[in-house]
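Okay, here's what each chain looks like letter by letter:
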Amino acid sequence: MTSTYVATAGEREKRGGKKPDLVESDRMRAENSLGRKLVVPAIVVMLIVTAFPMLRALYLSLFTYSLTAPEDREFVGLSNYLTALTDPLFWRDTGVTVLYMLVTVAVELVIGFAFAMVMHRVIFARGVIRTSILIPYGIITVVSGFAWQFAFSYQNGFVNGWLPFLDSDFNWFGESTPAIIAIMISEIWKTTPFMSLLLLAGLAQVSEDMLEAAQVDGATWWQRLWKVILPNMRAAIMVAVLFRALDAYRIFDNIAVMTAGAVNTESISFLTYRQTIEQFQLGIGSALSVLLFLSVLLIAWLIVKLFKVDLAAARQEG
Amino acid sequence: MRKVGTLLGTLLILVWCLLPVAWIISLSFKSQTAITNGSPGFFPSGGDGAGWQNYKDVLDNEQFRRAIFNSIGISLIATLLSVIVATLAAYAIARLEFRGKKFVLTMALAIAMFPVVSLVGPLFDMWRTFGLYDTWPGLIIPYMSFTLPLAIWTLSAFFREIPWELEQAAQVDGATPWQAFRKVIVPLAAPGVFTAAILTFFFAWNDFVFGISLTSTESARPIPAALSFFVGADPFNRPASLLAAGAVVSTIPIIIIVLIFQRKIVAGLTSGAVKG
Chain Z
1 MTSTYVATAG EREKRGGKKP DLVESDRMRA ENSLGRKLVV PAIVVMLIVT AFPMLRALYL
61 SLFTYSLTAP EDREFVGLSN YLTALTDPLF WRDTGVTVLY MLVTVAVELV IGFAFAMVMH
121 RVIFARGVIR TSILIPYGII TVVSGFAWQF AFSYQNGFVN GWLPFLDSDF NWFGESTPAI
181 IAIMISEIWK TTPFMSLLLL AGLAQVSEDM LEAAQVDGAT WWQRLWKVIL PNMRAAIMVA
241 VLFRALDAYR IFDNIAVMTA GAVNTESISF LTYRQTIEQF QLGIGSALSV LLFLSVLLIA
301 WLIVKLFKVD LAAARQEG
Chain E
319 MRKVGTLLGT LLILVWCLLP VAWIISLSFK SQTAITNGSP GFFPSGGDGA GWQNYKDVLD
379 NEQFRRAIFN SIGISLIATL LSVIVATLAA YAIARLEFRG KKFVLTMALA IAMFPVVSLV
439 GPLFDMWRTF GLYDTWPGLI IPYMSFTLPL AIWTLSAFFR EIPWELEQAA QVDGATPWQA
499 FRKVIVPLAA PGVFTAAILT FFFAWNDFVF GISLTSTESA RPIPAALSFF VGADPFNRPA
559 SLLAAGAVVS TIPIIIIVLI FQRKIVAGLT SGAVKG
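Protein chains in written order, with our numbering: chain Z, 1 to 318; chain E, 319 to 594.
Hints were generated in silico from the structure; no laboratory data involved. All figures in this text were calculated on a predicted structure; none of them were measured in a lab. For every residue, glycine included, the Cβ atom is placed at its ideal position computed from N, Cα and C. Treat the hints with care, as some may be off.
Stated by the list, open to error - Derived lysine-lysine pairs resembling DSSO-like cross-links, with alpha carbons at most 27 Å apart:
| # | chain 1 | residue 1 | chain 2 | residue 2 |
| --- | --- | --- | --- | --- |
| 1 | Z | 305 | E | 419 |
| 2 | Z | 37 | E | 501 |
| 3 | E | 419 | E | 321 |
| 4 | Z | 308 | E | 419 |
| 5 | E | 501 | E | 374 |
| 6 | E | 501 | Z | 308 |
| 7 | Z | 308 | Z | 227 |
| 8 | Z | 37 | E | 419 |
| 9 | Z | 227 | E | 321 |
| 10 | Z | 305 | E | 582 |
| 11 | E | 321 | Z | 37 |
| 12 | Z | 305 | Z | 227 |
Unchecked claim - Selected chain E positions facing chain Z (Cβ under 8 Å, derived; list incomplete):
| # | residue |
| --- | --- |
| 13 | 431 |
| 14 | 442 |
| 15 | 452 |
| 16 | 455 |
| 17 | 526 |
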């Protein structure tokens, strides 16, 4: 152990060619073990709250199990899944959730990109813009939900007054379509800033030289956008879309606050919550939990396959 | 032409971001009687103004005060613990060669995408068995788990930019890998750690799903859950202006953090998220 100190950077580089000497492999072994010791706490904490409860959900989903009558627990195999999958409510809520996801992500992508373009170009007041764009990002979703719910309220809000084509007593939360629109607006308002910051980082990586070359060659603004800017920030767009899509599929807070699932605005997350926490039906609720988890996996897989996102690479390259 | 567009865009961004905030502030100054009778419009109209009354009422409310205390305490502890654990892991990921590195990164990625609601059922059941239901640790643990992925990515991105040579120099001078970590990397990494802490705090402060599912009384209920349960005397007519005052109070810490650390937050969000 006396000569440990000689294993410096120079030695390491030579390592590939030579047979690794004893000192070097000692060092590697120490590094390996230290590395694993350092990540163990993180792994444990992440697994306590995810893998373990998920396995428990998988197990509980095979029983009829209600917290109001826990002694009546009974093994029923896959029948909870059958109940869920044959219930039109499940499919309606899945449909509504997919609608939330598709519309909010599409709108956020367009507005977020426009915001990113503005932030990329602006030279004055950068700090002011970035500070204000972080406010929706940081604000509590529940607060955003309340703000928009009251804004759309015909009793105390201002939206009906500002929109000339609406009656002043139009009730946004009285039927499905306007209520879903109101929920989407709150969701879009809150998360567009996050989208635009991710896109801004991607935009910063598009080379100015290439854009100038395109301009010299006579490309219009529209052509430059589609042929130069967008293809070059594909990775950033895909990562942003993937993250936001999975986030949007889990939509819960705004629905809980703004309509509590009334007038067919319920998402699949809200249905799961209602079954488990409000009605104590842990059996069927667990089956719904597993289905929700599987659908998130499916969406992630679809996006990664469809757009060929190499997410791990995008994340690892610091 | 281009300048006009940018200027218009800037104004649009400012209106987009600040209008709803201005609205909730304006709403918090409408009087409670005006709300009951209905007072449409953006600003409190003549005679409807309540001055600071809603803020006084909200801060006099024992439930709300407890909720603020819970939120601050739980969020700060979760942030502290999460950042410590994430710092260790991110150091290992950025600096050391070890088997299982890919596994940690993949797992963090998977957890960041996890549908939170699918966990609350079994967690609710487990926490009741372990006596963690409706306690601070009962919320701190899930907050840690769900902020670790973001904290680990952000931190490992920051750590990769720290010059290797310094650490090696320390090791040449006889420091062990652990000493090199503590004495050299930690001071250099402090800004990154700080950014991760802010993002973690935002998550914990914002959480609603765990907050309503894993608490039942004011002994651990955080602000978002308390706001949503706050119905006032008449459940069919929510005290909008009172809620608005509560909402403004709960947003103040966020605004202070954003004002002071704007640059760090943007760097953290983008460096951890998209490169390459």
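Discussion item. Need the list of violated hint numbers for this structure, in ascending order.
Written reply: 3, 5, 6, 10, 11, 15 and 16
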